[in-house]
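Make the full structure from the sequences, and use the hints.
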Amino acid sequence: QSVLTQPPSVSGAPGQRVTISCTVSSSNIGATYDVHWYQQLPGTAPKLLIYGNHNRPSGVPDRFSGSKSGTSASLAITGLQAEDEADYYCQSYDSSLSGVVFGGGTKLTVL
Amino acid sequence: QLQLQESGPGLVKPSETLSLTCTVSGGSISSSSYYWGWIRQPPGKGLEWIGSMYYSGNTYYNQSLKSRVTISVDTSKNQFSLKLRSVTAADTAVYYCGKFLYGSGRNWFDAWGQGTLVTVSS
Chain C
23 QSVLTQPPSV SGAPGQRVTI SCTVSSSNIG ATYDVHWYQQ LPGTAPKLLI YGNHNRPSGV
83 PDRFSGSKSG TSASLAITGL QAEDEADYYC QSYDSSLSGV VFGGGTKLTV L
Chain Y
3 QLQLQESGPG LVKPSETLSL TCTVSGGSIS SSSYYWGWIR QPPGKGLEWI GSMYYSGNTY
63 YNQSLKSRVT ISVDTSKNQF SLKLRSVTAA DTAVYYCGKF LYGSGRNWFD AWGQGTLVTV
123 SS
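Line order of the protein sequences matches chains C and Y. Be aware that the first sequence starts at 23, since it is given in the working numbering, and climbs by one per residue. Be aware that the second sequence starts at 3, since it is given in the working numbering, and climbs by one per residue.
Worth double-checking, as some hints may not be accurate.
If you want the footprint, here are the derived chain Y segments under chain C, 3+ residues with CB under 8 Å [said to hold, decoys possible]:
no. : stretch
1   : 44-52
2   : 58-66
3   : 104-111
4   : 114-124
Note that these hints are calculated values from the structure, not bench results. Just so we're clear, the structure is a prediction, and the values are computed from it rather than from any experiment. Glycine included, each C-beta is placed from N, C-alpha and C at the ideal position.
Structure follows, in C-alpha cells:
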C-alpha cells in the first residue's frame, strides 16, 4: 500500500484542464517533504515533469504545473493535447525509511 | 548531456541472483552533486524504488528489499551495479537506473536510463 495515493485514472478532452491529486498518508512525509511528478509515455522511461512541488525542468511546457498544500499535492495540465496521454507518478521521501516513495500512478486518457 | 544505460541478462532463474550494470556517460559518477539509484516497474504496474547510493559508498535501500539487495559503484568504469539475490517471479520487472539529486532539500530523479526488462523464469 503506497503512502502516496493517486486516482487510478483521469480523462479529459483536448483543450481541457485536468488535475491529478497525490495525497500523502504518512506522518513521516507530511508537510515536510516536497512532492515531485513524472510523466511516463507508453513504452518509455519516466521523465521528470515537476520537482519541488511546483518547479518545471527546462523544456517542460508551462501547460504543466504543480502545487502542494499540507499533505495534498496536485498536478494540473491545461490545454490538454493527445500527446499528454501517459501515466503520471508523484514521488516524495519518507524520512523514517530514508527512502524514496512513489504514488501508484494515474493513467491520463485524452478523449 | 548525461546519459544512463542499463545492461545485464534479460532472463534469470528463480533463486538465482539478478545482476545489472548502469553505465554513465557525459558526466562523472564521482560528482559530489549526485546520488545514483535503481527503480523497477513490474509489467503493467507502478514504480518501486529499490535503492540509491553515493559514489563514496553511502547506500540507502527500500526496506522491503534490503535483505536481498546490494548496490555498488565502480568509479574507474563510471558504472554502478545492482545485485538482487534469491529472485522469484515477483521480481520480474523493467529495471531503471537513474541520477538522484539528494540533499539540501532535494530528493528526486532527474535522469533515467531507458530501462531493461528482466524476467525471472526457469
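Inset, instruction - Output the numbers, in ascending order, of every earlier hint that fails for this structure. - result: none
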